[in-house]
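Enquirer: Chain by chain, the residues run as shown.
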Amino acid sequence: MRPEPFGALLYHFGTRRLSFLKNQRVLTVVRSLADHPSARAACTAAGVTEAELPAYARALAALAESTMISERTLHDFRS
Amino acid sequence: MTFAPDTVSPGKLTDLFQLGLDAPICLTWELTYACNLSCVHCLSSSGRRDPRELSTDECKAVIDTMQRMQVFYVNIGGGEPTVRPDFWELVDYATAHQVGVKFSTNGVKITPEVAARLAASDYVDVQISLDGATAEVNDAVRGPGSYATAMRAMQNLADAGFRGFKLSVVMTRQNIPQMDEFKAIADRYGAQLRLTRLRPSGRGADVWDELHPLPAQQKQLYDWLVARGEQVLTGDSFFHLSAFGSALPGLNLCGAGRVVCLIDPVGDVYACPFAIHENFLAGNVRDAGGFETVWKTSELFQDLRKPDTGGACKSCGFYDSCRGGCMAAKFFTGLPMDGPDPECVQGYGEAALTSLDAGSGAGPVVAVPRPSVDHSHRTSPSSARPSSARPSSSRTPVPVTIAPRRPPSHDCDESPLAGFAAQ
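Same order as they appear, the protein sequences are chains A and B. For the record, in the first sequence the residue sitting at position 71 is 71 according to this note's numbering, with numbers rising by one throughout. With the second sequence counted from 1, adding 1000 to any position gets you this note's numbering.
Worth flagging that the hints you see were computed from the coordinates, not collected in a lab. Heads up, a few of these hints could be off.
Claimed, not checked - Computed, partial: chain B to chain A, Cβ under 7 Å:
#	residue
1	L1021
2	D1022
3	Q1070
4	F1072
5	G1100
6	M1179
7	Y1189
All of these numbers come straight from a predicted model, not from anything done at the bench. Backbone N, C-alpha and C fix where the C-beta goes; we use that ideal spot for every residue, glycine too.
Use the sequences and the hints to build the structure in full.
Expert: Written as structure tokens, this is what we have:
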């Protein structure tokens, strides 16, 4: 993930696909996903309003679809 | 590419990218001008090694810079990059430093052993060049035996279990009828097909008139690409065709100096891989500050990152689709930068070329810019020329008067076709 003035660029070395985070807030959300129990919590903490949530949900779903982000699994908690 | 989080901001990607990025998304790096082939349309006029070529250590320093700038991956080409003795060492160095590698090759060094090694890496992608689905069509452009070399390389990659390597084709008048056959070849080897645009760059300028697709073929190509969507890659090189209707997948924008650039074998940094000419030279990686300083501060790149004005194309209803087309294609056909692409699908490019011919008043000699750099073999095999290509006598120097660049014609805002019968 590479920060850019408009947000960030993400590149997946496995799929060789590029994705874009088109503003700073969605960058904050993606960066803090691991620190929150749910995507909704990460959004709320980043200041995403209730009305904006569906757009962010779609963005995160698209990122998940392209395996740019993935659901936490147990082995992520290894020390 | 995915444009996943589109919904979060209404801003168009082209608008965001127009102003340039902190680092290129990918960059093209021609590692050597040396090549075992003499393709008639070589965009870098390759053949002979340049003695000033970057050393192994200098190349590693460039890779260190890319890692620091978070350049995701580098497209390595040439020349034939694999003929550099340190090629594999540099590939390993790049992937060990989080810079992905995709390299273009004619396949000459892709032995079964090399193929096995490549198949084992997640961070290396291979692109085999082939410009005809038959030996006849391919070898007329790329030289005798080059079809067999490419097919053997693909067989070796497939046998080694390398899935999804790229089969890369430059589209010409001769091979556009073979699109389905190219797809079948790619499918047979488990490869992904990649079609790109022929540019009048390097030696491509010498054969462009004979090789570039005819207007009806452009539509055929566009329809074929639209029907296949993201199955077929294009390197975003056909955005000028978007003026036919809906945009093709990818970034429909000239990325020169904004999201891409070229480092040539001697370290010169150009705005784009198709513009090896002093007018597009931004600096050299050997300069103080190296590549990062060139990318961030060069006057040329700052200039290219200014929003497009549209020039003569601004009043065209399709300007938002094609953004005026390809800078290099315009430049090497002698057209102004702020006018139509020579292959403008609305016909404005053809009209502009016709008026350029008429304006030069010098018969068949058109004063178009020539590439500044030429490493062609001094004795390229004549059998490699297509039979329809110009006779070799036309390749000898001809004294010409370089006409002054025409100022942007505001009259063209009304209709670039003014004075010419509609097609």
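Enquirer: Indicate, hint by hint, whether the structure satisfies it.
Expert: The hints, checked one at a time:
no.	hint	verdict
1	L1021	6 Å, holds
2	D1022	6 Å, holds
3	Q1070	4 Å, holds
4	F1072	4 Å, holds
5	G1100	6 Å, holds
6	M1179	23 Å, violated
7	Y1189	18 Å, violated
Going through the hint list in order, the structure does not satisfy hints 6 and 7.
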